[in-house]
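Visitor: Each chain, letter by letter, is given below.
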Amino acid sequence: AQSVTQLDSHVSVSEGTPVLLRCNYSSSYSPSLFWYVQHPNKGLQLLLKYTSAATLVKGINGFEAEFKKSETSFHLTKPSAHMSDAAEYFCVVTHNAGKSTFGDGTTLTVKP
Amino acid sequence: ETGVTQTPRHLVMGMTNKKSLKCEQHLGHNAMYWYKQSAKKPLELMFVYNFKEQTENNSVPSRFSPECPNSSHLFLHLHTLQPEDSALYLCASSQDWWTSGEREQFFGPGTRLTVL
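Protein chains in written order, with this note's numbering: chain A, 1 to 112; chain B, 1 to 116.
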């Protein structure tokens with residue numbers, strides 16, 4: 001069994017300040033973990049993924065995430081928020097045989 | 001055209017209508033997925049096809065009927081829907097089902113369905 005919990009349904013930051021979107025997971029297997037972003041009226045786009053290689057993963061648009069097995073966490077960070085980062089973000093856990101479990105999503109608001 | 005495309009982008013239908021959603025992927029992938037995204041609910045996996053064979057049906061009501069004629073095309077046939085079926089329906093593809101645990105899914109822009 002696997003599950004994923006996004007700890008914040010909404011996060012609001014000012015432009016130029018750091019972003020932290022939190023994700024905790026549970027999995028009976030060695031998981032793969034993903035972060036996707038969804039802009040309004042668009043599909044989901046992959047930001048980054050962890051698949052048992054380096055624990056610090058760098059993605060597109062300056063985002064990165066660190067896999068911490070001891071804390072069962074995979075938090076998404078960005079040093080400096082941009083207005084275009086405003087969107088909904090989904091943390092996803094999967095294992096082989098393809099079953100993906102999506103978190104409930106975190107809405108990121110960026111204030112000017 | 002590249003990536004995953006979905007048509008129509010918006011659809012309004014009555015409860016007695018029959019309509020179909022279409023998804024096409026131009027990525028050479030072998031697995032395709034239908035998801036339902038409702039407001040204030042997590043993304044729900046509906047169906048998975050791998051090499052044209054259905055591998056997952058997540059207890060979806062029979063008023064939703066998928067069809068996968070080949071690895072590039074996926075349809076969702078709709079009939080006698082209910083207002084609570086109004087949602088964004090997303091199609092996705094990945095290289096294949098067996099390695100999809102490690103490989104990302106590529107999503108289309110979705111079809112916004114409203115059932116009156």
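No lab work stands behind these hints: they were computed from the structure. Keep in mind that a hint or two might mislead.
In silico EDC-like cross-links for lysine to aspartate or glutamate, where the CA-CA straight-line distance does not exceed 16 Å [stated by the list, open to error]:
#: 1; chain 1: B; residue 1: Lys41; chain 2: A; residue 2: Glu15
#: 2; chain 1: B; residue 1: Lys19; chain 2: B; residue 2: Asp96
#: 3; chain 1: B; residue 1: Lys36; chain 2: A; residue 2: Asp8
#: 4; chain 1: B; residue 1: Lys41; chain 2: A; residue 2: Glu64
#: 5; chain 1: A; residue 1: Lys42; chain 2: A; residue 2: Glu71
#: 6; chain 1: B; residue 1: Lys40; chain 2: A; residue 2: Glu64
#: 7; chain 1: B; residue 1: Lys22; chain 2: B; residue 2: Glu67
#: 8; chain 1: B; residue 1: Lys19; chain 2: B; residue 2: Asp85
Facing chain B, according to a computed beta carbon distance under 7 Å, are these residues of chain A, among others [claimed, not checked]:
#: 9; residue: Leu48
#: 10; residue: Ala53
#: 11; residue: Lys68
Note that CB positions come from ideal geometry on N, CA and C, so glycine has one too.
Visitor: Compare the structure with the hints numbered earlier in the document and write down the numbers of the violated ones, lowest to highest.
Guide: 1, 2, 3, 4, 5, 6, 9, 10, 11
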